[in-house]
Amino acid sequence: MIPSDPSKVTAICFDNVDVPNMRKLEVAREQGAYAFLPTVLKEFTSEKIIDEVKTSNIRGRGGAGFPTGLKWSFVPRNTGKPTYLLCNADEGEPGTFKDRDIMRFDPHLLVEGMIMAGFALDVHDAYIYIRGEFVHEANVLNEAIAEAYAANLLGDNILGTDFSMDLTVHRGAGAYVCGEETALIESLEGKAGRPRFKPPFPAVEGFYGCPTVVNNVETLSTIPAILEFGGKWHASIGVPNSTGMKLFSVSGHVNKPGNYEVPMGTTLRTLIEKHAGGLQHGTVPKVVIPGGSSTPWLLAEHYDVPMTYDDIMEAGSFLGSGAVIVMDETADLLALTARLAHFYTHESCGQCTPCREGTGWMERILKRIQNGQGQPGDIEVLKDAAYHMSGRTICALAEGAGAPVLSLIKHFPELLEAGIVEKAA
Amino acid sequence: MSAPQFSKARLTEIEALVKRYPHAQSALLPVLHLAQEDFGHLSMEVQQLVADTLGVRLMAVREVVTFYTMFREQPCGKYLMEVCTNPGCMLNGANEVLRHTCDKLGVKVGGTTPDGLFTVAEVECAGACGGAPVVQINGVYHEKVDAAHMDKVIEDTRSGEGAGA
Amino acid sequence: MTTLYINEQEVSVPAGTSILEACQQQGTEVPYFCYHPELSVAANCRMCLVEVEGWPKPAASCCTPVSDGMKVCTESQTLDKDRKLMMEYLLINHPLDCPVCDQGGDCKLQDYTVQYGASKGRYAEDKRSVENPKLGPFITTCMTRCIHCTRCVRFADEIAGTGDMGVLDRGDHMSITGIVDECLSSELSGNLADICPVGSLLDGPSNDVSRPWELTRHKSTCTQCPQGCDISIESRGDEVMRILPIEGSPEAWICDRGRYVYDAFRSDNRLLTPKARVRNKLANSDWDEVCAQAAKLLKDKRVGIIFSPDWSVEGLTAIRLLRDIAFPEAHVAFDLHRRDLRPFAFEEGFGQTTQQIEDAAEVVVLGSDLRQRLPLVKQRLRRRLRQDKPVTRIGAMNYRVNSAIEKDALIRPSDWPAVIARAMDQVSELGKLASGMKEWQAAVKGRHEAGKLLADALMADSCSLLVGEEIRGHSDAAALIHGLDLLMRACGHTEAENDGRNLIPEGMNAQALSAIFGDIRTGVGELFEAAEKGDIDAILLIGSDPVGDGLFPMQAKKALENVPLVQIGAIQGEISELAQVLLPAAAYSEVEGSFINVEGRVRVATSPLKSLGLERPLWKVMMRLACCLGHDVPAVQLQELREHVSKFLPDLAKAWDADEDDAFMISTGRNAEAACLPAKAAANGGVLDVVSRYSMYREGMWARASGLLSEAGKRHALADVIVHPDTLSGLGLSEGKNALKTSQGDFSCHVSTREDVSPGVVFVAKRGLAGDVSNEVSVQLGGST
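Protein chains in written order, with my numbering: chain A, 1 to 425; chain B, 1 to 165; chain C, 1 to 785.
One or more of the hints may lead you astray.
What the hints assert, rightly or not - The calculated lysine-lysine pairs, modelled on PhoX-like cross-linking and capped at a C-alpha distance of 20 Å, are: (1) Lys152/B to Lys104/B; (2) Lys108/B to Lys256/A; (3) Lys57/C to Lys383/A; (4) Lys81/A to Lys19/B; (5) Lys274/A to Lys54/A; (6) Lys714/C to Lys680/C; (7) Lys654/C to Lys680/C; (8) Lys84/C to Lys383/A; (9) Lys383/A to Lys81/C; (10) Lys81/C to Lys81/A; (11) Lys48/A to Lys232/A; (12) Lys191/A to Lys19/B; (13) Lys286/A to Lys274/A; (14) Lys57/C to Lys198/A; (15) Lys383/A to Lys120/C; (16) Lys219/C to Lys610/C; (17) Lys367/A to Lys19/B; (18) Lys108/C to Lys84/C; (19) Lys78/B to Lys19/B; (20) Lys127/C to Lys367/A.
As the list claims (entries may be wrong) - Just a few of them, taken from the derived set where beta-carbon distance is under 10 Å, the chain A residues facing chain C: (21) Ala175; (22) Asp378; (23) Met389.
Source of the hints: derived by calculation from the structure; they are not laboratory data. The beta-carbon is built from N, C-alpha and C at its ideal position, and this holds for glycine as well.
The following block holds chain A by itself, in its conformation from the complex (with noise of 0.2 Å):
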């Protein structure tokens, strides 16, 4: 059960992600879903709940932190045009992993936080894109969504009242572009996942050019919580700007990787040593990637940094989904650099020149650089392709794709020296 004083919360998407067979609807009920849904949807107008959502302050949990009340705010109302709701479930950056937690152990908190928004913003058709690889996730899905049709609580006139909603789940196949939202709006169409230029701006034209609203997964099922406890309840947890509690999905070098759902403002030193279980070699860690591999590098100096959007912009990167990568002094640093260009290269949709062309190009020169064949002239040339592919693409991939190359070498730039042969003279 969640406290409804705020300085006890110690949950709120976990809260029973360890109750067993938390994802039958008998067992869900027992402890608590979907008992506040009456009151919300014979009480609660549009105007309030999104009034609520945006005083929580809560903001978007799948890695661009656009804040959630303001997004549905955006949603132009009676246009003649239906609205839709559509949840991202892709998770594909690489270090991230807690939607899949929510999903497979308690998949009816994901439903329930879905009709609650369907309700605020209008919507009668709702989609989970959900990303191919999670058979299993989707099957649960399924089988919750199942049983919340068979208990009116998804389909034609919920619980009795007017609101109709239905809810499908959808599977992509193997595309981590398809995260971007455009893309997984492209992607639902029935179309390669190649995102789309704003404006216009999915809240006005998104899905067959209607109004869409695309929410991650934590984001989602946040919203029971706050619609029962209210948004001044979720504000007063964590701390301004950054407020609530977060998944982080903790991962390499820790004792215990997994993922910790603790308060905004939690330091990185307390989330490793006290959650996931310390690190595996040494006392503090060579580089930490904070918010997923698409975000700048941290460095031991930062191993006190307090797990917020502003603090963590502060030390140089982004929160991004909170996906944790935590790499000792064993880890070999080029190595996994090379690897992620390789990722970016292959996930880049390959519509925008300098991605599509230089995620490929840095990689090619990464190879070489390991294969100790690296040329003068090699970390120039890496540098300007990474920049310039910053800030100057449809999507943020490109950014992403830069972001460990230029980290690289702005903090350890010896380990690309080391593959340059000088020429000879």
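Could you slot chains B and C onto chain A? The hints should help.
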């Protein structure tokens, strides 16, 4: 060789699926998954079948099939073993697992054993880094995998197949 | 309007304009590859980046709309570096093919590399190479050069509507390819080579023959269909190398017919030398000899003159002058597809521009294969449909427009009166009346429900009719057109600014033909019948092929067994086998002259190519002939001839002195007195209506003289005869060999079925067969003989 067809049951399933979307083309990814289940891989004939079933252009199907990694135009081994080697897994020995598996089966990365049983592939982040190293075998996640685990899986699979033969 | 600052200069543009277009309007150059004014925005090349004050990152100017007070900067050190890097990225996989690539000299990649790029590339890794898809004979592919701008994909989707091109894979494995069986199926496929900014898609036929800087450009007018598009004829010396559209023309593209006819210019079928029949074989001769022979055949004889409308207006005037001087009793004919010679209530030609048609509230296509007849008008209709603006189509076939048309009806040609009468019923019930409509309605017994679609469209504020060959060639055409005229009057669509009566003509210069020949005109069939009867002694044929084209091949063949034929033309053709002498006239690329298109738009060609041989401009041939026939020549200089032209078309004189950009419109004739009631319908019993297929690749002497178009014609060929499956089964017949029973006898043919052909219609698709039965109005179908 006659053109591939969906079974009646499959067609009913597809019909119901299409109804959940505003336009039939949205059902393309789910239907391709079903087709790949039915036919093993998405040959040009199967792609044409999907195009005809949904009423979309063949080019639209080709674009989707070639864009997404999970769709195969060529057949692969009966057991597809996909090893993730991205940072979370790499830092915990994934490269060694990959090398070991390839050596054990006598194939290169991406290759298939001569008996058509196993294909070993190197893939991108599987989204389960907490259980690194992660190997997906025919879609099932195996986590905290080491060489011994792979050896056991291969052995068990082989004897299972041998018993059936 | 939105006001912004571009490089500190204030600019005002309509709200919603992109920064790139605002820059273009202001005259500031911003580089781009993927942007194209006729295509949707893709924003993928990233070459058009500009800086906006207050924005942390540069913006892609092609997809970013302007806002009030925006401060845009298009030149800076950062942008310099960005552009340099973009070029460097593009040249990573792009091969260094410049010396062997046809795009060289006309290539954005080259231009921008020089302007913005570094002098040395730093890429030292492997480059990828790509297989080349086969797209047919018109487009050569070299996909390793592709920079993935996706202009071709967008063109195939949005403009052509065929969706032939697509993007496979992703990342740097991405490749653009086509799914085609034989060749691209769009009639606009040649434009792909124009829009490809690099040498990836190239014009196949002209590939590797010359370089852009070797070519001289001649601004000209295409005469392959009544659209009369602006074309640039590009020649190396006197050899025509290729034909391209001209930027800024009213229509953004040219069709494959007008583009690929260019190999006819230097084909063996060109008539470049005078020829005369010696011992029954055509042999090269000289002007004096053929003129003497022609004179012998024509002097003081009763002559019938048949000519093509596609000569220049000056040439047409010269024909009139020759007739007046040498054959003052002669009648002329110029329309191979018209049976009914009674005056039409609205004559051939458009009452509107194609832009006005595109903008009308409703458009109705009546009996026309618009895609092949006027491809650029069909293109306008596709644009309408993409904007969800309505198009209605009624005809014997659901002629392909590469877009879905919902308001659609299949009818037989004999149903037209019933269709129009049904429309009249509806509009008159709503109080829309015109004097004479009641009588027209009363003269028709039946009603066809397709008329409802027509009536519904007529109710809009503005309605454009596109009246096609099924009506124009109908034996009761004048009555049908009168009926349509009554409908348009009743519904208020005949005002000067809003005159939606558009009748698709046979060819160019429709407005001039009325003015010049209206009083001496007769029908092609009539002329040949007169010749067969012995009322005419000789036929003078100028540019036409009444055996290879049109509705009267049987009559032509019979007539020419009786009387001699003097042929004047630019192309030799099959008809020449029946001619005694051939006088070579200059092609439309080789004349200085005026052309009037279907809209009435005047174009003047002023930089012709030199003649390849002994051919001369038609008007000079006419004057020479007049001279040989013993008369004084009315004009020796073009100026003098133009004085005669002005007598027929006083408005035309303005065009000769004007600046290029002015568009002069000659209006299309309307005949208020041309009232005709529909004829009584004959009983239909078991008879099928004949509709002849128009093939843009095969119709006309020029097309048949072109190897390229003939090749395309083969690839796009249909079965001999097509009928609706119900029609065939109703007769107890099956696909395959059957017999067409006509008034001329029985013809064996191969019959196939299609659902998009109207029941009760025999759609004759193969020319050889069509030529034999094309003047039949109705036939019967029987089992194989």
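Hints, verified against the model:
In summary, the hint linking Lys152/B to Lys104/B is supported, as the alpha carbons are separated by about 11 Å, within the 20 Å threshold. For the proposed pair Lys108/B and Lys256/A, the alpha carbon gap of about 32 Å is over 20 Å, so the pair is violated. Among the hinted pairs, Lys57/C with Lys383/A is consistent with the structure: their alpha-carbon atoms are about 17 Å apart, no more than 20 Å. This hinted pair checks out: Lys81/A and Lys19/B have alpha carbons roughly 18 Å apart, not beyond 20 Å.
Restraint check for Lys274/A and Lys54/A: the C-alpha separation of about 32 Å exceeds 20 Å, so the hint is violated. Proposed proximity of Lys714/C and Lys680/C is contradicted: the alpha carbons are some 41 Å apart, above 20 Å. The suggested pairing of Lys654/C with Lys680/C is violated, with an alpha-carbon distance near 47 Å, which exceeds 20 Å. Pair hint Lys84/C plus Lys383/A holds up; C-alpha atoms about 14 Å apart against a cutoff of 20 Å.
Annotation: proposed proximity of Lys383/A to Lys81/C holds, straight-line Cα distance about 13 Å (limit 20 Å). For the hint linking Lys81/C to Lys81/A, the alpha-carbon distance of about 44 Å lies beyond 20 Å, and the restraint is violated. With a C-alpha separation of about 13 Å, the suggested pairing of Lys48/A with Lys232/A holds against the 20 Å cut-off. For the hint linking Lys191/A to Lys19/B, the alpha-carbon distance of about 18 Å falls within 20 Å, and the restraint holds.
Distance hint between Lys286/A and Lys274/A is fulfilled; the C-alpha atoms sit about 18 Å from each other, no more than 20 Å. Between Lys57/C and Lys198/A the CA atoms are separated by roughly 14 Å; this keeps the pair inside 20 Å, and the hint holds. A distance of roughly 17 Å separates the Cα atoms of Lys383/A and Lys120/C; the hinted pair therefore holds under the 20 Å criterion. Simply put, Lys219/C and Lys610/C have alpha-carbon atoms about 14 Å apart, close enough for the 20 Å limit, and the pair holds.
This hinted pair does not check out: Lys367/A and Lys19/B have alpha carbons roughly 48 Å apart, beyond 20 Å. Among the hinted pairs, Lys108/C with Lys84/C is consistent with the structure: their alpha-carbon atoms are about 14 Å apart, no more than 20 Å. Straight-line distance between C-alpha atoms of Lys78/B and Lys19/B comes to about 33 Å, which puts the hinted pair past the 20 Å bound. With a C-alpha separation of about 15 Å, the suggested pair Lys127/C and Lys367/A falls inside the 20 Å cut-off, and the hint holds.
Interface hint status for Ala175/A: upheld, as the beta-carbon distance to the closest one in chain C is roughly 7 Å, under 10 Å. For Asp378/A, the interface hint holds, the least distance from its beta-carbon to any beta-carbon of chain C being 9 Å, beneath 10 Å. A hinted interface residue such as Met389/A counts as satisfied when its beta carbon comes closer than 10 Å to some beta carbon of chain C; here the least separation is about 8 Å, so the hint holds.
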